[in-house]
Every structure is written in C-alpha cells, then in structure tokens.
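S.K.: Could you slot chains S and Z onto chain U? The hints should help.
Spelled out, the chains give:
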Amino acid sequence: MPGPRPALGTITVDGRKLDIFHGDTLGACMMRGSVLTTRRSRTGQLRGLYCAIGVCNDCLVSVNGVGNVRACMTAAEPGARVDTGQDPA
Amino acid sequence: MTVPKHLVVVGGGPAGLSAATRASQLEMAVTVVDEYGKMGGQYFRGRQNSTVAGSPRRFLLESPGVEIFSHGIVVDAPAHGVLSVWKQGGGVQSLTYDALVLATGACDRTVALPGWTLPGVLTAGGASTLAKAYGVAPGQRVLVAGSGPFLLAVADDLSTKGCDVQVVEATPLGTSVGGLPMIARDVAITRQTIGYLWRLGLRRVRRRYASIVTAIHGNERVEAATIHRVDQAWQPIAGSETTIEVDAVCLGFGFVPQLELAQALKCTIGYWEETSDFYVKTDEQMRTSQENVCAAGEVTGVGGMRVAAVEGRLAGLTSAYDMGLVAKLDYDAEVRQLSRQLVRARRLGDWVRHAYRPRAGLWTLADSQTMLCRCEDVTMQSAEEALACNPATPYALKTATRAGFGLCQGRVCSSYMIEWLRAQHGYRVPEEERPWRVRPPIRPVPAEEWLTDEA
Amino acid sequence: MSTIRPKDVVIIGGGIIGAACAEALSRAGLEVVLLERLGLAAGASSACQSGVGFGISMDDYTLRLHLAAVRAYRQFAADGAEVDYLHHGTVLVGPPDEETELKAGLKRLRDMSVGCEWLDAAALREAEPALSPEINGAARINEMGQVSPMRVVNEMARRAVLHGAEIHTNTELTGIDVKGGRVTAAVTSQGTISTSTIVVAAGAWSRKIGELVGLRVPVWPLKGHVLVTEPVPGMLRHYLTETRYEKTVEAVQAVDLGEDGPQSGSPQVAAVLQNLPSGQMLIGSSREFAGFDREVNRNRLAQIVTRAGYLVPGLPRLRIIRTYAGLRPWTPDGLPLIGPSQQVEGLVFATGHGGDGNTLALITARLVADLTTGQPTEIDTTPLSPDRFDMNGE
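Taken in order, these protein sequences are the chains called U, S and Z.
Heads up: take any position in the first sequence, counting from 1, add 1222, and you land on my numbering.
Heads up: take any position in the second sequence, counting from 1, add 1000, and you land on my numbering.
Heads up: take any position in the third sequence, counting from 1, add 10, and you land on my numbering.
Hint data in this document are derived by calculation from the structure and do not stem from the laboratory.
Every residue, glycine too, gets a C-beta built ideally from N, C-alpha and C.
A portion of the hints provided could be inaccurate.
[Claimed, not checked] Chain S residues, not near chain U, derived (Cβ > 12 angstroms throughout):
1. Gln1048
2. Asp1108
3. Tyr1134
4. Gln1290
5. Arg1344
6. Pro1391
7. Tyr1395
8. Pro1430
9. Glu1432
[Claimed, not checked] Interface residues of chain U toward chain S, partial, derived using beta-carbon atoms under 10 angstroms:
10. Pro1228
11. Gly1245
12. Asp1246
13. Ala1250
14. Cys1251
15. Met1253
16. Arg1254
17. Leu1258
18. Thr1265
19. Gly1266
20. Cys1273
21. Val1277
22. Asn1286
23. Asn1290
24. Met1295
25. Thr1296
[As the list claims (entries may be wrong)] Okay, the calculated beta carbon distance ranges per label pair:
26. U:Asn1286 to S:Leu1061: 31 to 41 angstroms
27. Z:Ser142 to S:Glu1245: 52 to 62 angstroms
28. S:Thr1175 to Z:Arg327: 48 to 58 angstroms
In isolation and in its complexed conformation, chain U is listed as follows:
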C-alpha cells in the first residue's frame, strides 16, 4: 500500500475545513471527513452519496453558491466552499 499522500489544499464544507488529496472529488473528500449528508430531499429527508457515479443525483451540494452540483462527479478545487442540506422544494 502506498504511503500517505500530501494534502493539496482544503475545501470548506459547512464551515469546516477538509483536506483534499490528488484526484479527489468533493464527494470523496467529504466522505473521508465523515460528512455523509449532502442534501435534503423533497420531503425533508437527509440524503448522501448513493451511486457515486453521477446517476442518482442524491449527492447534490451547493458549491460557491451554485446549487445542484453533483459532489461525486465534481473535482475538489482548493478553496471551494461547499454547503450541504440544500433546501428542498
């Protein structure tokens, strides 16, 4: 198993800083930081990553103020501000 990789920077998720590693998606980074909740569903249920390959759209988060972003398919850029629990309809 390879040794520990260096962190490439951080993203902020709901105000909390998480390290990013090379190639991370937002979803991977959040999961590593044990942030499992991504959004609230139409009737207010908590949701998180489910399919992890961009199909289900349950991993939607808001990134730098833009909503409906798939965490599992979006590269984690240093400095990104992620907000979870996007308002349901």
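M.R.: Only chains S and Z this time, still in chain U's reference frame:
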C-alpha cells in the same frame, strides 16, 4: 486523398477503448467520448496501471491517434449521424460520425428496501469506486449485502481500507461452490477469487449466505441493519432476523446497462425475463438495429470486463468493415477468432448473471413508507394507491405518482418499478423496447448551451 | 332532450376532461364507464403546463366561463383535494407601448370583481425578483393559479371509482352503435357496452371518434412544446407569462380552415413559466399545426428559451432535464364543444378545449353532468353547443 471515416465511441471503458483501438488500427478516425477525465470506465478506476486488453494504458500504447473527448456528456442525438456532446464550461458540440459504437456501460441495479435512502447506504459499485479511486470508505463497520461475486471484491476493497466488513449473500453457499469448476478454468479469475477469499479469511470478514438485508435503521445516517435468512425465492423467513450495528451498507444486486443513448437512437432493446435484464440487441458482430451503430460491453448484456474487451474489439472491427475498410476474407477470419474468444469469455459472465439473478422475494422487501423515487420522494404507498385506477405499467405509475419526473429522469427508480410491477402485479415487458420513454436531453444540460436559436 | 336511462354513461377519454366528467356523473348517481385507449392522462394531460387562468382580452362570455372555472378550482382545493394547487397569482408582462391597454384590461377585470393590480417597478422587483430588471411594470392577476393536471386526473378517477364508476384503460373505442338516430352501445376492443349516452372527451382524438358515427368533429391537434428544468425551488413566485401569449392564441385561431383542417402557418412562441411544487420550472409555450407528431423540434425549443430569457434572464443557463410536446384540441372558434349533439341522440361532447383544458375541466364536468341529467346549467351553454358546427357531409 480521402477523408477517413469517423467513428465515435461513446464510453471509455474496456469495451469502448477496445473498439477505438481496433478501429483506429484499421484507419478510421476515432473519437472516444467519456464523462470522466480519465479513461477506463468503472472497472479501471484505481487500476490505472493495468495493461490488460481493454485497459487505458494498453489503449494509449496501441492507439495514439485516437481523439479523447473527456468530460464529455452526450446530451442529444438530434439526427442520424450527429451527437450533441456537452462539456461543462465548454458548451455543446456537434459530433458527426460515420459509425458509432455504444459502450455506455452499466450501473448498479436498484433495490428499494426500508431505510435504503439513509446517508451511509451506497451501491456496491459506488462503494468500490470510492475505495479504489479515492481510498475512502463510507463507514467503519460496513455491511456488504446483495448477490454475486462482486460482493467479495467490494468486501476486499473495504477491508483493505481497514473497515470491519460483513458480507450478506442472498444465494446459498452451494450456488457459489457450484461455480468453482467454471472459475477454475480461468487462471486470472481463479487467482483473483483465491485472493479475495484468503484476505477476507485473514481479516475475519464474516459471510452469511442465503440471507438478505431487509431493513436499514438510523436517524441521520445508518446505525444498524436487519438481516433475514431467505428461502430459494429470496423470501425472508419469519423469525430468522438478526440486527447488527453497522454505520454503512453497500447494496450490490448486480448491474443494469445504461441504455438511454441506445433508446434515443431507437435501437431495439431486448429483455431476458429469467434474469431481469434489458440489453441492446445486436447481431453476432455487434451491430444494433440501427445502421452503422454497434454496441459493445455491458449494454449488450452484463458480462464483465473480459467480455467487454472482446465485444469492443469486434465492434471496432465491424464498424471499419461496414465502412469498406476491411476485406471480407480478413473480416470473416477475425470474426471467427473473436467469436471463439467471446464464447469462452461469456461463459463465466452468463453463469454469474444466471446464478445470482434476482428472485421474486427481492421485490417484496419495500414497505409502504419505502421510497420508490428518490428524486421526487414518491413512496411505495403512492404507487400501490395509484394502481387502483391505473393499469400496472411504468408509464401509468409515473404519470400518477410523479416517480421518474425528477432530476435523474428515472435512471434509478425505473428498473425497480418495472421489476416490482412484474413480480407483484403481473406486468409483462413489451417486445423490443424498454418501457421507459427517453426524451431529449439525454442528460441535464444548460438550455443556452444546448439550444441555439437559428431564427 | 329525452330522459336517459339512469346509471348508463360511457365516457371516451381518460384525460382531465374525461376523468372530471366521470367523477361528476358518477357523483350524480349515474352508472359510469370511462374508456381510455392507453392510460390515464396519456394525452395532453401529461404533456402540458399547469396554469389555471384566463386571458384578459377574452370576450365577456369566455371570461365569465373561465372565471367560474378558476373559482371552481379554488373551492376544489379548499375542500381538501391534493392536486398541487397553488393560488399565487399570475404576473403578466407586456411591452411598454401596451401598458395603457394592459391597465385598461385590469380595470375591466376589477369591474368584474376579479382581484388584480398593476405592479410598478419597485413592487415588481419585490414580488418577482427573478424577472428582468428591464421590465418596469406588470399586471398581477391574483385569481389565477396552477395545478397538477395529472394529479387532478388521478384524484377524479379515484373519486369516480368510489362513486361506483368503472375505469377501463388499454381499451379503445372501435365503434358506436346507433339505432333510429340514437346511441345504443359503445363497441370497444374489449367488448360491447350497451349505453344510451356517450361522452366524447378524447381531446385531439375526438375527430376520430366522430368518424365512427359519420360526424366531422371540428377538433384538430395543436402542438405545444414544453421544457423542464432542474429543480430551482422558489425561483419564481408566480405563474409568469406575457401579453404575447394571447396574440399567439389569436394567431392560430385565424388560420384558414381547409378541407383537411387548419392550414399550418408560422409557429407561434410566447413565454409561459412556472415553478412546480417539486422545484422544476416548466417553460413554454409554442403553437403550431403538425398533425399528431409529438417529436420535439429543437429549433422551437430554442425559440421558447429565447423568449423566456427576456422575462427571466437567469433562465437560459438553467439545465434542462426533459422536453416534451403535447397536442391541444383546437377548434375553429376557440371555444370547446360542451353539450349534447342534435345529430345523434345520446352523443355528448366535452372536448375541443384548446390550451384551456386544465382550467375548464371542473366546470366542463359540472356542465356535462347538468346537461346530461336535464338540470339547469350555471351558465348559458349555447355558445358551447356542438351543433354550432355543421358536422355533416362526406
């Protein structure tokens, strides 16, 4: 000097890359379109160093002239010979093709059961991808539940990361034991299987057979799961339940092909009732019902990486032949050779699909509060109520409940809906089509990038 | 009209009109059978937008019909029907040179006790922030709202069944038996049903039904496109449209009616926008005659997006998740056909609603129930009589 014929391959997994390689060797101009930045599909996530047939490294070595359109999503097939491909931040491009290979792969089969929408519940494929590509696990005590040898791979991926893993397999132990003679004929698969069993044994990963997870519990995330022993029809046996504390569940009940593009192109879709599998119908050389459109890999029937690589090669060959770039004698000879390889490669994949096929009990796990549609929050209760006045068809259920109207457009719930209607309400799948209408755009795309006003 | 045998009506068409009629007639004590060729709401009712409203340049009669229709919905929802009814009003935008005309239209509405007002720039910014800042005033008509037509269909079907109605989907009407000038049976793909009353509520397909009894029903398909966006909850607070919409309705009213129906002229596009309760935005609208073709025309979609972008500048960058086209049942005078036919006794029409099927569904059902059971109707139905058209001749 003639312009080379252009082949577009949609999907950069083992099937797509193999098709691209063969076609480019036969002098076609090839473009591979894939949603990801790196090629290899799901199989090669985290296996970027592999050089087997179908791998990205082998592809790059053997086909330097192929154009790679990464981060490209096919959003429309507006006319014969044209695809509209969206690159986030890069607008929508029209890609014209003389020939097309559909290699859009598969995704996990959806199974709805109580608690399946809790944070911490992932598909087995998703968990495997996260572990292999990013080295993350959804929890510390993980339940890997479902059916099929892939569960062992997922359990291996997660236990390697240090998780405390338990496996729950719906078929009895005898099913897997019965596959050993077939596995034994393939050296690589044998080594892989022995590796899994050895490591899982070392790490004391508990495996339960003839069992299914019947409920997942928790408030804000997974906290526990209930497991029942099941009979041959996967019906839970009353009184056999046990509840274990876990913080993540990975559900793996096989894979279903991603057929939206094939449907948008009006390719004939078939259905194997026994194993609950839709697939793109092809002839033996991988041609679909649409002219100059071939298909390869999981979309023609889930069969695994090896089958995908050989089918891809055959599809690339056929595409070139149909463009007049290969002499008939050479074509026929290579087809014979590849067909023999296919027969061998398909044996294991077909056995897996059959042995671990969903049984009727799987479609009874959901209760009235279980979500059917995750996007629109439609419960199974709504579905049941809708059937009082509606025929038991996916279209009717969709219209009556709004299941399938959300962002994913039914990619998650439609397969479950179809199987539930079949198993519980006598629905019969129609001939030659998948009963779920695909309308443009095939994937969400910004209006102003997709639609240009020519007025 | 002669008395009908009680408890014996066959309704053709399981869309919003047919389902509402099934509910009203079964609630009135009649034995009702609803026949639907495919599934409930398989036609325009699942391929439309969701407005419950009216046009401010409608003539007095038509306006009163629509006002009664809109109020019927308010009551329906107030009584507890769960049909995603939203009563948030419509913001109607027009070009500056139409402001006077628009305000005059509002005055006329107020004189009819319809709640409406003019919003100046400041009020508009507050009422509808997503609207283009270049729009400095607009009308808001508070009576209007929106509803989910599919939910209405299913709710009405459910109630009809509770009142004893039978619903047969996947059942096509293949013939109508007529003896001595009156209906005696409905012949279907699943068997024959003896009946003395058949209600034709088949939307754009009503002309085909009429052919079964040698009538040329003046209903033709008028195609409309709709786009659906990703969820953007709360982006719009009202139903949003523009004065151009009514002009498009008038333009397709004015086409020549040839031997084979309306001659297609240029397609008409006008912005009609609304947020659904589940967050997606529906974007329309377009009108064109294209037979029964329901394939989406991407140029038309682009034209709709351009139009809509003038009202809501943030709209064109939203992601589209689906598009579709529906077929409105168009009539030559823009009014539906509601009521019994003199040509064939027992034949009742409830069709030809054009783009107003949603709005007029509940009131249509009430009128059909009253006309069929010999009750006085709440409004004069003469202008809606099917016999205003000559349906005879080969």
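S.K.: Are the hints correct? Go through all of them and say.
M.R.: Each hint tested on the structure:
1. Gln1048: violated, 10 angstroms
2. Asp1108: Non-interface label fails for Asp1108 (chain S): nearest chain U Cβ at 6 angstroms, not farther than 12 angstroms.
3. Tyr1134: violated, 4 angstroms
4. Gln1290: At roughly 24 angstroms from the nearest Cβ of chain U, Gln1290 (chain S) sits farther out than 12 angstroms, so the non-interface label holds.
5. Arg1344: Arg1344 (chain S) clear of chain U: closest Cβ-Cβ about 29 angstroms, beyond 12 angstroms.
6. Pro1391: Given that every Cβ of chain U is farther than 12 angstroms from that of Pro1391 (chain S), nearest at about 26 angstroms, it holds.
7. Tyr1395: Given that every Cβ of chain U is farther than 12 angstroms from that of Tyr1395 (chain S), nearest at about 21 angstroms, it holds.
8. Pro1430: holds, 24 angstroms
9. Glu1432: With a cut-off of 12 angstroms, Glu1432 (chain S) remains clear of chain U, as the shortest Cβ separation is near 25 angstroms.
10. Pro1228: Hint violated; Pro1228 (chain U) Cβ to chain S Cβ min 14 angstroms, cut 10 angstroms.
11. Gly1245: holds, 7 angstroms
12. Asp1246: holds, 6 angstroms
13. Ala1250: holds, 4 angstroms
14. Cys1251: Holds, about 8 angstroms.
15. Met1253: With a closest approach of 5 angstroms, the Met1253 (chain U) hint holds.
16. Arg1254: Given a least distance of 5 angstroms, the restraint on Arg1254 (chain U) holds.
17. Leu1258: holds, 4 angstroms
18. Thr1265: holds, 4 angstroms
19. Gly1266: Holds: closest Cβ of chain S sits about 9 angstroms from Gly1266 (chain U), inside 10 angstroms.
20. Cys1273: At about 5 angstroms, which falls below the 10 angstroms cut-off, the nearest Cβ of chain S leaves the hint on Cys1273 (chain U) intact, so it holds.
21. Val1277: holds, 5 angstroms
22. Asn1286: violated, 14 angstroms
23. Asn1290: holds, 8 angstroms
24. Met1295: Met1295 (chain U) check passes; min Cβ-Cβ to chain S is 7 angstroms, inside 10 angstroms.
25. Thr1296: holds, 9 angstroms
26. U:Asn1286 to S:Leu1061: 31 to 41 angstroms: holds, 39 angstroms
27. Z:Ser142 to S:Glu1245: 52 to 62 angstroms: Because 56 angstroms falls inside the window, the suggested range holds.
28. S:Thr1175 to Z:Arg327: 48 to 58 angstroms: holds, 52 angstroms
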